[in-house]
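Asker: One-letter residues, chain by chain:
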Amino acid sequence: MHNRHLSPRKRALLSLGTGVALLAASGFIGELRNYQGAQVAVYLVAIASIILLTGYSGQISLGHGAIMALGGYGAALSFTLWNFPFEIALAFGVIVGTMGGFILGVAAARLSGPYLAGTTLALAVGLPSIADQFHVLGGEQGLNFDIGDPPHWVVRLEGNDFTQYKWFFWISTVVALIALWAITNLLHSSYGRNWRAGRNNAVAAGLAGINVARGKVLAFTVSSALASLAGALFALLLGLVTPTAFPLSLSFAIVTGAVLAGVGNLAGSIVGGVVLVAIPEISGALTTHLGDSQKVSANLPGLVMSALLILVVLFMPNGLRIRKFKRAKKTT
Amino acid sequence: MFIDTLLIGISSGAIYSLMALALVLVWRSTRVVNFAQSGQAVLSTYIGYEISVQTHNYWISLPLAILAGAILGSLVDLLFMRLLIGRAKSGPIAEIAPVIATLGLLGLIQSLIGLIWGNAFLHYASPLSGKGFTFGSHTIPFSPQNLFIVIASAAVLAIFGIVFKFTDLGLALRAASFQPEIAQLAGIRVSRVRNIGWSFAGAAGAVAGAAITPTSTLSPNSLDLLFVSGFIAAVIGGLDSLVGAVIGGLVLGIGFSFILQYIGGSVTFLVGFIILMVVLLIRPRGIFGHKVSRRA
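Respectively, the protein sequence lines represent chains W and A. So for the first sequence, the working numbering puts the first residue at 1; every next one is plus one. So for the second sequence, the working numbering puts the first residue at 1001; every next one is plus one.
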């Protein structure tokens, strides 16, 4: 699964270099592309949470949209209620989501396959209704999470044409890179090895002294931390959270992204993130080409995404990576 | 009030039972939880809707929708599941491949419906009144359509019960799900029998969709929540027990109806999730499931 091993220092340098390059690039691309770049970064974190969960620990969740909602609501609540600065609000969202994920993870470790899928699906359907029950969560209107204009030091550094979307792009990119770097290190540590051992053969891993159940709970918790981070960033991009901002289709979309990326490969989450943002864009262009029909524009993205998902499951179980797929074929 | 709530609960419980039954039939035959079930059911309902628009007759559209559901179920097995089970045996996503693939199928069916009929809410009209029965001056929420739902579900359950208990086909279905290899050795064409199980499941889902839709509206996603309820009902019942699916559906339907009446509608699925968790953690094989735990 890991062909290329980079040393931790090289990984850190690579992340740093990518970050600087991306931030520099933000000045040369348009507003829309900046926003889409931020979306890619958010999806990337969400997809990474599924890849960690499914590819490395062998669990599945169709309810990570609900965990994202926990993160988003946690961030927005602390932002509006206690006037936390947005950095702290993001962190608070992650804390809320991680706690929720831990509770769910304790239960999830005892379930597997379709049972876990169905249970998390029920959570994704049921959880948003909590927002209606508590006045503090804002009901249907949701909660505001508008962080306002970029702070002075950024504007001074970058000039007056530094827009809010660029600022979103910066925040999301930096957060996503840090998250990706941290998770890569975690997966290369003994934790990551234990998860994979438990996934590949639970009995053998248990005999080797690995506490498989505890590993699963931990993996679910870490995955939830990532998902809630993505949810908090998602809310930041939207400027608010509502019960309908985290629909079932979001949960499905990030699982789709993870499968397209190849669930065993964390770096693939970049591919997944780009695909999730690109498909609506491409189908939008196609729709205009086909003569703007409302039916087509509303359904073409879903059609393309579902068709891709099925084709990948059937023919490219390692995800959209031609090279890897060929190699895997030779060895079998 | 109590009786009203109970009657409504039985009506929605009957629909959950049908959905749970569809899931259980597929699970027993293929060991797959078919997440596309709600998509198949809603497509059958759209076909019924289209026929009712053309013929202005609900009673013609209903059996044709059920037939469409059965054919659809059979096609999903033939064209899709066999390929999937043949291909995705190993590899990084072998364990989750059925879940992912059926989810993909769900998305595919729903987008196709959107392309054909659009995403607007449609009304699948039934000649039966949606207004409740009136006793003297008191009108209860239970309507003739609700009564039809209960009767249709009971009829489907009775037919399935007779087929499974008293016919050779039922025996073959049970044998093929209990021990596929031994059934094969005993001369049962397991893959054909399995296909019949899929078409039964598709028909059950179509009955659920075509019977419930006149009480609300029809859209590509309109049966998704029904699927979740059906799944919870099936797990309560044990996922491989047909009787369990029916009882699980009724228990859940009546429970949801009382929550709706006395607590509020928005928390029903949260309660459903909690029920699901409790059942899975305390009694993973469900109330009527077989001894061997099917968690793994």
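Calculated from the structure, these hints are not laboratory results. Note that the structure is predicted; figures quoted are calculated from it, not measured. Worth double-checking, as some hints may not be accurate.
[Stated by the list, open to error] Simulated coverage check for chain W against chain A, where a stretch passes if three residues somewhere in it have a Cβ under 8 Å from a Cβ of chain A: (1) 74-82; (2) 114-127; (3) 249-259.
Every residue, glycine too, gets a C-beta built ideally from N, C-alpha and C.
Asker: For a quick check of understanding: which of the numbered hints are violated here, in increasing order?
Answerer: 1
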